[in-house]
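Chemist: This is what each chain is made of:
2 protein chains.
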Amino acid sequence: MFRKLMTFEEAQRAIASQFKPSALGEEEAVLLEAYNRVLAEDVVSTLDIPPFSRSTMDGYAVKAEDTFGADENQPATLKVCGVVNIGEQPHVNVAKGEAVEIVTGAPIPEGANAVVMVEDTEREDSELHVFTPITPNENVMKCGSDIKKGEAVLKKGQILGSSEIGVLAALGLTKVQVSRIPMIAVLSTGGEVTEPGKPLPPGKIYDINAYSISTAVTESGGKPVYFGVVPDDKEALSKALHLALVSADMVITSGGVSVGPRDYTPQIVDSLGKPGIVVYGIAVKPGKPTTIAFIGEKPVFSLPGHPTSALLIFYLLARPLIQQLAGRPVGAMKTIRAAAGSRMFSAKGRRTFVMVRLMFDKNCRLIADPVESGASGAITTLAKADGFVEIPENEQFVDSDQEVLVFLFRNVAGKV
Amino acid sequence: MFRKLMTFEEAQRAIASQFKPSALGEEEAVLLEAYNRVLAEDVVSTLDIPPFSRSTMDGYAVKAEDTFGADENQPATLKVCGVVNIGEQPHVNVAKGEAVEIVTGAPIPEGANAVVMVEDTEREDSELHVFTPITPNENVMKCGSDIKKGEAVLKKGQILGSSEIGVLAALGLTKVQVSRIPMIAVLSTGGEVTEPGKPLPPGKIYDINAYSISTAVTESGGKPVYFGVVPDDKEALSKALHLALVSADMVITSGGVSVGPRDYTPQIVDSLGKPGIVVYGIAVKPGKPTTIAFIGEKPVFSLPGHPTSALLIFYLLARPLIQQLAGRPVGAMKTIRAAAGSRMFSAKGRRTFVMVRLMFDKNCRLIADPVESGASGAITTLAKADGFVEIPENEQFVDSDQEVLVFLFRNVAGKV
Chain D
51 MFRKLMTFEE AQRAIASQFK PSALGEEEAV LLEAYNRVLA EDVVSTLDIP
101 PFSRSTMDGY AVKAEDTFGA DENQPATLKV CGVVNIGEQP HVNVAKGEAV
151 EIVTGAPIPE GANAVVMVED TEREDSELHV FTPITPNENV MKCGSDIKKG
201 EAVLKKGQIL GSSEIGVLAA LGLTKVQVSR IPMIAVLSTG GEVTEPGKPL
251 PPGKIYDINA YSISTAVTES GGKPVYFGVV PDDKEALSKA LHLALVSADM
301 VITSGGVSVG PRDYTPQIVD SLGKPGIVVY GIAVKPGKPT TIAFIGEKPV
351 FSLPGHPTSA LLIFYLLARP LIQQLAGRPV GAMKTIRAAA GSRMFSAKGR
401 RTFVMVRLMF DKNCRLIADP VESGASGAIT TLAKADGFVE IPENEQFVDS
451 DQEVLVFLFR NVAGKV
Chain A
51 MFRKLMTFEE AQRAIASQFK PSALGEEEAV LLEAYNRVLA EDVVSTLDIP
101 PFSRSTMDGY AVKAEDTFGA DENQPATLKV CGVVNIGEQP HVNVAKGEAV
151 EIVTGAPIPE GANAVVMVED TEREDSELHV FTPITPNENV MKCGSDIKKG
201 EAVLKKGQIL GSSEIGVLAA LGLTKVQVSR IPMIAVLSTG GEVTEPGKPL
251 PPGKIYDINA YSISTAVTES GGKPVYFGVV PDDKEALSKA LHLALVSADM
301 VITSGGVSVG PRDYTPQIVD SLGKPGIVVY GIAVKPGKPT TIAFIGEKPV
351 FSLPGHPTSA LLIFYLLARP LIQQLAGRPV GAMKTIRAAA GSRMFSAKGR
401 RTFVMVRLMF DKNCRLIADP VESGASGAIT TLAKADGFVE IPENEQFVDS
451 DQEVLVFLFR NVAGKV
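Residue numbers (the numbering used here), protein chains in the order written: chain D, 51 to 466; chain A, 51 to 466.
Keep in mind that the hints were calculated from the coordinates and are not lab data. Some hints here could point you the wrong way.
With a cut-off of at most 30 Å between alpha-carbon atoms, the simulated DSSO-like pairs for lysine-lysine come out as follows [unchecked claim]: (1) D:K273 to A:K206; (2) A:K192 to D:K248; (3) A:K398 to A:K412; (4) D:K398 to D:K70; (5) A:K248 to D:K205.
Just need the whole structure built from these sequences, with the hints factored in.
Modeler: In structure tokens, the structure reads:
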């Protein structure tokens, strides 16, 4: 086990070289509840759509030939021999010299090949005068003209939104094959943390990370498998990690990765299988003690215990893997330009991420104001920050007023 | 009942003058499943956080006064009288001249008021030499310094993301009061539509709108109440609308709003209560026959049957109301600039929305290409369009190559 810190890019490359996102398999979803799922197969239409030729106008279904040469002075005169309503199979045939009354959307009756608009006709009882010639197929939406039977309408990997679900409904489907949602085991370690909802013993604090990371997993398109706080001993942790590995597609722990005598997470993770730990500390601030392992093909992230650090490293390095496991495009974090609200210093030789809050100054300029994190461990930093500013390894600071790019944790639409 | 078409802005004003989004009430949510819910109350901390003063360093808890004047040559010498581990209540007191070994995160023992870093000390058995003076509270995160008991930490109306859920976990909570999700009844009408999953009788097509609109409701922060296809008679429709009004906070129908003899939705809606229909047709294309009513405080949207028109009017006019009912900020539709792929014509005197697909041309310019909708009723238009371009009432067309603003239906991150 080596302990050389990697640069941020080295860590990304180490992850990329191990990570082989393979299909997680698929499952059937009820179409009405398939919003935001990923389509697991190409969908081929089993129907012509429309399934019959339909009128696109209110008027009369006729043989176009019967109207040839008609005009205002010399109308074609046809015999109305029936009516076709919407939603009904026509029971009439249109013979030469005949017309059938029809409404928009109703099927074109046998024998007819066009629809003359009601505005171009005059009717006296069963006698119809047509004042304009029409061409075959005029005002007709042909059977299969929208979708042909056998045509591929949606592709594997498409994310199901309102339009896609609408198209599947058009085919008469009520179920759809979607990719399984990747299961992400989330567990917290550390002798000082207690699970929310339990009494708080003296000397302990409530665990935050299993909650905040589980939520971030959901937000990233994964399904969190909440393991909560694992008791602070090697055997319990080892057992929990084994269980997490068999029950999930990826594991995320937090806490227990510093250098204290009881920070044995990395050691246990490394013993779980090959290749084991591939990133053992990253030259970033915060988040330095992060370790990342692969056990078989499953990624195991061991994040720092500090809630803000844990969530930051999650967003930077774990979230893209969850998106890929889910078969989704890896969405870049949204960014916005702002002016630094005060000078922000970097940690020597480490890429530094400074948590900032967005606000407008009195000149309506957007300002990225560093969130005072106070002592390390402050949890309010999390709730106050809208995002972070990145300071490269080779820069000492970002000056007040300098333009910075803010990577956003959340939708700030209501705020800016 | 009047039939004068309103302009788009008149319709918006008519809606705004009737719509009074009042609180829908609240419900308890399990914190781990509260992602993306809206907080229904201010949350006040019931704890000091941290609940005890903690060390922020590995070192020794001491009385700061005992180190005053210490330096490299004249270290202060103290007696180590115990150790405090993380997660444990200290069982030692620090008297004058004493020090207690402590790790990061562990509680400061009684009597101590500062922590000297291990790097600034040298230890021989129980004797500790301190080479630097420290001030009171140095390396101590004081009880309540992050959050004070009684302090308001989150405000009513905040949307719960990973940070907010993390903060609630820090308070030891596992449940949270959230705003109820607005229930939106969705039903389709029209003699030609059959529900997906059922056999398709001759002359009928599968209903799309109840599926696509239900999905769009979910996407907008509402909960769809799926009524499916209502049989095509007045009594059934009247019954379904009554039921929809009592079981939901808003009702959306589609189909049955044209001028055909069986398009009696508006008539029935208007009879349901006061004020009744406030928008009876809008000078837009597509979507002209849209009618909008309020029955008491509940909005009732009657959208056209054409799936693309229905979804477009939903996005433009219904979605903002659902967002407000849900207590969420009304998110403007995302937009992107592109060059018109060909000339797009407007409908005379009507604000025209042209469905477009985004693509790059060979010079890597982003192009908004009109989606050929073929005959009205084409459902593939929906799946092909990425968004729409708006042509104002007083313009005849948008020229090919002209810059246009595309309003996006969906996230096109994967595409552009």
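Chemist: Against this structure, judge whether each hint is valid.
Modeler: Hints versus structure:
1. Distance hint between K273 (chain D) and K206 (chain A) is fulfilled; the C-alpha atoms sit about 27 Å from each other, no more than 30 Å.
2. Taking the CA atoms of K192 (chain A) and K248 (chain D), the gap is about 23 Å. The hint holds against a cut of 30 Å.
3. Taking the CA atoms of K398 (chain A) and K412 (chain A), the gap is about 34 Å. The hint is violated against a cut of 30 Å.
4. Taking the CA atoms of K398 (chain D) and K70 (chain D), the gap is about 34 Å. The hint is violated against a cut of 30 Å.
5. Between K248 (chain A) and K205 (chain D), the direct Cα distance comes to roughly 24 Å. Compliance with the 30 Å bound is thereby established for this hinted pair.
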